[in-house]
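A.B. asks: As you go down the protein sequences, you meet chains A and B in turn. Heads up: the first sequence begins at 1 in our numbering, then just goes up one per residue. Heads up: the second sequence begins at 1001 in our numbering, then just goes up one per residue.
For the record, the hints were derived by calculation from the structure and aren't laboratory data. A hint or two may mislead.
To be verified - Result set (EDC-like, lysine to aspartate or glutamate): computed pairs, CA atoms no more than 16 Å apart in a straight line:
id, chain 1, residue 1, chain 2, residue 2
1, B, Lys1888, A, Glu184
2, B, Lys1553, A, Asp32
3, B, Lys1830, A, Asp358
4, A, Lys502, B, Asp1831
5, B, Lys1592, A, Asp27
6, B, Lys1833, A, Glu100
7, B, Lys1461, B, Glu1419
8, B, Lys1437, B, Asp1527
9, A, Lys330, A, Asp358
10, B, Lys1830, A, Glu372
11, B, Lys1674, B, Asp1768
What you are looking at is a predicted structure, and each value in this text was computed from that prediction instead of being measured.
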Amino acid sequence: MKKQQFFTAIYMAMGVSLMLGSCTKLDEHVYDQVLETSFKPTEADLPSILGAAYVPLRTVMVGWQGDFDLQEEPADIIVTPVRPNGWYDGGTYQRMHKHEWRADEWQPINSWNQNFRGINTVNRIIAQIEGGSIPVTNGKDEVIAELKAARAFYYSMLVDNHGNVPIVTSFTDTVRPKQSTRLEVYTFIEKELTEALPKLSTKSDNSNYGRMNKWAAHATLARLYLNAEVYTGTAQWQKCIDQCNEIITKGPFVLEPAFKNNFTTTNNTSKELIFAVPFDEIFATQNSIHMKTLATAHRNVLDLAAQPWGGNCAVPQFIDTYDPDDTRMKDTWIQGPQRNVRTGELILTYTKAVPSIDNTQFFDGFRIGKYEIKAGARGGLSVDYPVFRLAGIMLMKAEALLRTGKPDEAAVLVTDVRKRAFLATPAKATVTGAQLQLGSSYKYGWQNVDGSIADLQGGADIPFGRMLDELGWEFAAEGQRRQQLIRFGVYSRKIWFNHRPKLDGKPRTLFPIPQVEIDKNPNLQQNSDYR
Amino acid sequence: MIKLIAGVGIASWLCLSPATVSAFASDRPLHKKGKVAITVTGTVKDAKGTPLPSVSVQVKDSPRGTYTDARGAFSIEVTDGESILVFSATGLATQELKVGTQTTLSITMQNRTGNLDEVVVVGYGKQRKGDVTSSIGSVKAEDFTKGFARDAGQLIQGKVAGVAVVTASGDPNSTTQISLRGNSTIFASTQPLVLIDGIPGALNTVAPEDIEAIDVLKDGSAAAIYGTRGTNGVVLITTRKKGSRPATVNYEGQVNIQTIARKMEFLDADGYRQGIKDGIFPASFDKGTSTDWLDVISRNPVSHTHNLSLQGGNAQTNYIASVNVRQWQGFFKRSENEQLLGRVDVNHSMLDNKLKFNLNIIGRNRTYFAAPNYAYIYRQAIIRNPTDSVYNAAGFYREDPNAYNYDNPLRPIMEVDGETVQNETRYSANVIYSPIKGLNAKLLLSTVKQTGLSGYAENNKHRASETLRRTGYASRGTDYMRDNLMEITADYTRSFNQHRVTLLGGYSWQSVTNEGFGANNSNFPTDLYSYNVLQSGDALLLQNGAVGMSSYKNNYRLIGFFARANYVFDDKYMVMLSLRNEGSTKFGENYKRGSFPGASIGWRINREDFMANATFINDLKLRAGVGVTGTTPTASYLSLISMVYSNNRFLYNGQWIQPIEPARNPNPDLRWEKKTEYNVGLDFAIWKNRISGSLDWYQRNTVDMLYDFPVPVPPNLNGFTTANAGEMKNTGFEVLLNAEVYRTRDFEVNANLTWSYNKNTLVSISSDPKFQLASQFLEAGYTGEPIQTATHRTLVGGPVGMFYGYRSIDVDENGGWIIEGEDGKPKPIKDAKVNDKKYLGNGIPKHTAGLNLNFRYKKLDLAIGMRGAFDYQILNFQRMYYENPSVKEYNMLKSAMDLVYGKKRLNSPLAYVSHYIEDGDHWKIDNVTLGYNVINGGAKYLKNLRVYVSTLNLVSITGYKGLDPEVTRLGLDPGNDSRDKYPTMRTFTLGLNMTF
């Protein structure tokens, strides 16, 4: 009897278990995510898919400690000094200014990560299109050409910053990539862009604004050739001129009558912009150049809906190079007394003087005002960030002409760009070929706390120094200065503000490969200046 | 010999034995309550027949008691035959005996067998303590920490060797942190699996007052039956169960006050003005008033707790119901936590006990105010200029227009509104069918539902309203969690001859779903709406990005089959084998299921013939076990290749559209971490069980360790992939010692000592060929702004938790740090290179110890709980940030004025250097409770009355200069004492316990 009961209980237990047999399945119930297996894209989804390739551009260019800082902080126009409310930040701004960055410095790491994020995303999308998981029936070649051009653009940033980076073109190949030389990367970009060009759109309107069209590709190539000597040891001035000519003669671009039009909240309508990274105060909020530069109290000048952080400002030595009649001076820098936009109440006064990188007051130094900060602006500006504009192409061509013995032709282009900056004093707009061959007016030397200059080097000895000055006035705070200083041989040679050249045989014109990446990928070798 | 004396009004039901009514006592007073009094006499002898003097004879639940005389004889009056006599003496097993119809008793007291017959809760069942072959820490209610307890964790603080219970924060909303035998995982949760009567819950699911016992399964062989959830140990909480006695009502009430245990000594207004005189601060910094900012935002909190329970019934049907109310205040103004917790547990048995039912319902309702960001506010209070005032002349909160991250600390407390309500309901039912003796089939069904509803509002004077130019902000959020569990188990126990066999088999199915919704809005027409009329905010219409909403939903399921067999031969040899096969939906396609075996053996050496002469040894048992357990990652879906529509938008043809991107680097091979644990232990009891304890040695090998492993970019999209590529080893030793130091009729001293040692080694971070790293270390911890560097580096082959930074050795003539360079030579910190960093200490204590002392003198008892941790370091963030006179914008510690290395005041930017790493060794006198049993049974209505005073966190003996050396010890960055840490409190409690 007992035995029978025992088995009854066992059978009952087994019966219940069998009833629950369906309760042994372990398939996942997914509610709030899109699984790759359930995502069936159509061509209508193409913009969403392509978009991912461009999104990293915003953080590449002006993200926190992004390319803007990477190009400006080591150069002679902008400095981030220690302020009463901080800005020492573990010494990173000091190291950037003094060219003492380390292999774990944030700015070069960010450049690496974000550019490769763009490259990997392009590779992923190309793999999905070619593998058929994203159906593209019409214009597949054009889409792929555009993506490859975008990838080449990211590489054009890397070849400039890190030089010897891996060339990765496959998404499915997950082995650790091999390092390429700077020359190989240069050659790759040139080839990719040249191949893509015939298939790229010649349109430059809303439909491909912020994307790689034919003109953006030409401009990327022009910039590559302009710096070819730095990248490869072989100058390519004529190739640069050829690319510039394509844009100048065939492109739909004209110089805006007002310099400022390139930097307004609605600068997407500028006829001068060839390639810009779009920003929006709601949808794409990373353009916080104003937050980093304005003093916190500036909030009460413009009734900002954000509290600025109050950091970087202009190097006084650079401010001194401006012609007083050059309207780009006031269009680029916020200076002097600042009054509330509604009441006129005096809130604060920015002074030119910046005593030292170690110790400044809240309102020392002129602030970046190039990008329109509208009243009531938020933490992100709606101003699109210009990467290439016609004035830039004209000055690239001018520089290439100047360096190939055609100073007078160069002077015509430079004069054309200067005209809108000297509307009140038109005579001053004209520059001659002879002038362009003079040195720089920048008083290179050590700035003492009282503003006087010690160890004065000046800029007279800089070949085509005047051209460098022109580039500075036109492109200050556009994230180009480091490249310019390297090209003009100033970067590793001159003293400015609280920066002294190392003169130790290590020019540091390339940033270090991020140590974290070397740690993860043994195929990578550190750039020679940092070994 | 039978002798019975009864009072006058004899109740007829007592006259079960006519012979007993043969004599009436006339020398005894009449029992006024009309009840019968019976006098029982007897003798007490030991096993050899020797009479035992001074044995305590007590009537249970009554104040009546006596002692045996020199001949072992006693005489005592009881109310009726239902009375129970309790015999106890030092070194002897306590015996209880129902009087029944006997009036002369002959008692033979056995030597105490320690607590071998005590019942220990093991996974899916119970076991005689004597048969246990694994390392299980068991704490019964009478040994719990007395007085105020935040949750179940605090009840066993310092009482179980190898179980570190840290009260890392004084926040009334935080719970204790339990970690077991060191850090054996770094990525998955380190919280142990907490089961309340077998159902997953948390340390605060039931009121501490309602807990009967807490058992901690420490080693892998015991926890293996819980499979993927067992690695961090299993805490089994047994709630108070049925009482088969007449209805009783118990009330326990407590009120406590708290004071801050230790304050960091910042400059007060006078000190600050002295600083101005000394040229540290500019004269303009004197704002002309004196304010103690910490005082402005804090208070002396008063909290109370009440617990009322009712139990009763008979052997067939019985019940317990309890209500627990808490009203706790936090140290910071307005921070509050109120909780109402109710529980009903009903048991019924029928068909001659063949069918048993249990129904249990727990309802918990918690309401708290945590709207302000107190950590940030606390920081603002300590760094604020002490000569500044709270309000300006116009009566508004005073703020500095140039300041960044420098806000009036009172304002964010007062200008917000908010409430979070959490409700939890747990229903569980189990049916046990026992058709024959020894066989039980059990079905357990439970469902747990948790809902949360939160509201938060900033009024239009709030700092953020001003900064962001909006008129108010409000949000609401709600979440809902369902945890359904079904378990079917069958167990069979049989003893024959010298054999005892227990078999267990079962199936477990658990499904957990989380979902939630939240919305926020800005620009309200009035502050009066608070967060109650979200749609009234104009931001919704303006669509300027100041509104938002979100929702989510996810699910995971855990399905397991398990079996266990126990075999005991002659109480001498014991074997346990268990196996769990478990699957989790959280894992990759190829790794859904896994098996977790456990095995242990025991040998009771003292029962061997060769030990027969060692009579001073009462118990000596050698145990050895091995078990495999797992750890699941915290989030669901990590193994899936999923895409997200990103809010990181893309401008397409004039429209900002959402691009679709991979959510993460996919890893279809994601699986659980596995830990294999070896445990060898010795249980012993000597000298009539006066000293007993355990020694345990363990080694825990964690393989397939989960971590966000750094992967190269390119080819990966993200720099980190969640993967199983690490290995870690923990080796340790634990000692538990219980001593009955002294015991007479009036005076008793007991002691309980725990000590544990742990050594941790990171064995590998590239055990999976896909995640080969060039570097053989992991960095973790972060100093925060503005120092901005990692604090820890764990090197393969070394222990987790190493501090890694510059070693400061001196200051130069200007007060700048001099550090030790890579070559060992001094160099100024401004020339420091990455390679100059050194290992500066470790944040995990090597030794932890606990000592609990219990004294009783007559009705007075005193319990002292102490614990300590030794041989570890702490990075004192408060000193690192505030002991630097070169940072003038913020207030600083008084010690910032001191000369560093006796040479010079510091004049160097904020930096992470070894100067701020201190030894954390400490000894804490934590819980001291003094109680008095005013009434111990007997009175007509009030059966027991006990009053007590109690403290928590009374004294810390330490050289550490920070607030509290008990800082978080989890993860890869243990020992970081955050500058914003909620200060720990010293608690004084007055409590009352009454049974009716």
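A.B. asks: Hint by hint, note whether the structure agrees.
C.D. replies: How the hints compare with the structure:
no., hint, verdict
1, B:Lys1888 x A:Glu184, "violated, 51 Å"
2, B:Lys1553 x A:Asp32, "holds, 6 Å"
3, B:Lys1830 x A:Asp358, "holds, 12 Å"
4, A:Lys502 x B:Asp1831, "holds, 14 Å"
5, B:Lys1592 x A:Asp27, "holds, 9 Å"
6, B:Lys1833 x A:Glu100, "holds, 10 Å"
7, B:Lys1461 x B:Glu1419, "violated, 19 Å"
8, B:Lys1437 x B:Asp1527, "violated, 69 Å"
9, A:Lys330 x A:Asp358, "violated, 27 Å"
10, B:Lys1830 x A:Glu372, "violated, 38 Å"
11, B:Lys1674 x B:Asp1768, "holds, 14 Å"
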